[in-house]
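Colleague: Make a model of the complete structure from these sequences and hints.
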Amino acid sequence: MKKAGLLRHTQINSRSIVEKRQCFDAHMDSPIPGLQYVMGTDTDPELYDTIVMANLGYFQLKGKPGAWKLRLREGRSSEVYQISSYYQSRVGSGGNVSSIPVNVSSFTGNHLIVRVTKKPGMEKASLLLSKTENQQATPTGSTP
Numbered sequence: 002m003k004k005a006g007l008l009r010h011t012q013i014n015s016r017s018i019v020e021k022r023q024c025f026d027a028h029m030d031s032p033i034p035g036l037q038y039v040m041g042t043d044t045d046p047e048l049y050d051t052i053v054m055a056n057l058g059y060f061q062l063k064g065k066p067g068a069w070k071l072r073l074r075e076g077r078s079s080e081v082y083q084i085s086s087y088y089q090s091r092v093g094s095g096g097n098v099s100s101i102p103v104n105v106s107s108f109t110g111n112h113l114i115v116r117v118t119k120k121p122g123m124e125k126a127s128l129l130l131s132k133t134e135n136q137q138a139t140p141t142g143s144t145p
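If you're matching positions, the sequence shown starts at 2 in the working numbering and goes up one per residue.
Because the hints were derived from the structure by calculation, they are not lab data. Among these hints, one or two may not hold up.
[Said to hold, decoys possible] Distance condition first, Cα-Cα at most 16 angstroms in a straight line; then the derived EDC-like pairs of lysine to aspartate or glutamate: (1) Lys70 x Asp30; (2) Lys63 x Glu47; (3) Lys70 x Asp50.
[Said to hold, decoys possible] So the derived label-pair ranges between C-beta atoms look like this: (4) Pro102 x Ile52: 16 to 24 angstroms; (5) Lys125 x Gly93: 29 to 37 angstroms; (6) Leu7 x Glu75: 48 to 56 angstroms; (7) Met123 x Asp45: 24 to 32 angstroms; (8) Ser99 x Leu7: 49 to 57 angstroms; (9) Leu7 x Tyr88: 41 to 49 angstroms; (10) Ala126 x Asn104: 28 to 36 angstroms; (11) Leu130 x Tyr88: 24 to 32 angstroms; (12) Asp45 x Val98: 13 to 21 angstroms; (13) Pro66 x Ser127: 31 to 39 angstroms; (14) Leu130 x Ser106: 34 to 42 angstroms; (15) Val92 x Thr44: 17 to 25 angstroms; (16) Met123 x Val98: 14 to 22 angstroms.
Keep in mind it's a predicted model, so treat the numbers as computed, not measured. Backbone N, C-alpha and C fix where the C-beta goes; we use that ideal spot for every residue, glycine too.
Modeller: Here it is, written out as structure tokens:
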């Protein structure tokens, strides 16, 4: 007597896909730890956010499938830096843009490398403020 084989059905529901990216200073070719990005739409530009890690300039974004725009986060990141160029596998490249089109459509994703430069007049500015600089930048009576 033969045993009947077991047939199993598995269904996986995913609410989001993690997109892996890299970011470098265009002049130094080094990561910029602490640089912040947001991903969203024209009407809601900050649906997802992330921060660049010190190791290899790595950052990841978790988002639903669809067409998105990646931007530098308002605040210190966008005050000091600007996007100078990007390369996205299977999509192409571009330069001097305020946002990068990102299409989240598969679990493998497109590899994206972003290069940023400091804005004119910000060449000596640090992305991460010291405690003293942070207190000076914070209005009196409010907490940073």
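Colleague: Each of the hints needs a verdict: does it hold here or not?
Modeller: Now for the hints, and whether the structure bears them out:
Annotation: proposed proximity of Lys70 to Asp30 is violated, straight-line Cα distance about 24 angstroms (limit 16 angstroms). Annotation: proposed proximity of Lys63 to Glu47 holds, straight-line Cα distance about 12 angstroms (limit 16 angstroms). Between the alpha carbons of Lys70 and Asp50 the distance comes to roughly 12 angstroms, so the proposed pair stays at or under 16 angstroms and holds. Between Pro102 and Ile52 the beta carbons are some 21 angstroms apart, a value that agrees with the proposed interval 16 to 24 angstroms.
Separated by about 34 angstroms at the C-beta atoms, Lys125 and Gly93 satisfy the suggested range of 29 to 37 angstroms. The hint said 48 to 56 angstroms for the Cβ distance between Leu7 and Glu75, and at roughly 54 angstroms that hint holds. Separation of Met123 from Asp45 is about 28 angstroms and conforms to the stated range, judged on CB atoms against 24 to 32 angstroms. At about 55 angstroms, the beta-carbon gap between Ser99 and Leu7 stays in the expected band of 49 to 57 angstroms.
Hint check: Leu7 to Tyr88, Cβ distance near 47 angstroms, so the stated range 41 to 49 angstroms holds. Between Ala126 and Asn104 the Cβ separation comes to about 33 angstroms, which falls inside the hinted range of 28 to 36 angstroms. Between Leu130 and Tyr88 the beta carbon distance is about 30 angstroms. The supplied range of 24 to 32 angstroms therefore holds. For Asp45 paired with Val98, a C-beta distance near 19 angstroms keeps the hint of 13 to 21 angstroms intact.
Restraint check, Pro66 to Ser127: a C-beta distance of roughly 37 angstroms satisfies the suggested window 31 to 39 angstroms. Evaluation of the 34 to 42 angstroms hint for Leu130 and Ser106 yields a pass: the beta carbon distance comes to about 38 angstroms. A hinted range of 17 to 25 angstroms holds for the C-beta pair Val92 and Thr44, which are about 23 angstroms apart. Separated by about 18 angstroms at the C-beta atoms, Met123 and Val98 satisfy the suggested range of 14 to 22 angstroms.
Against the hints set out earlier in the document, a violation occurs for number 1 only.
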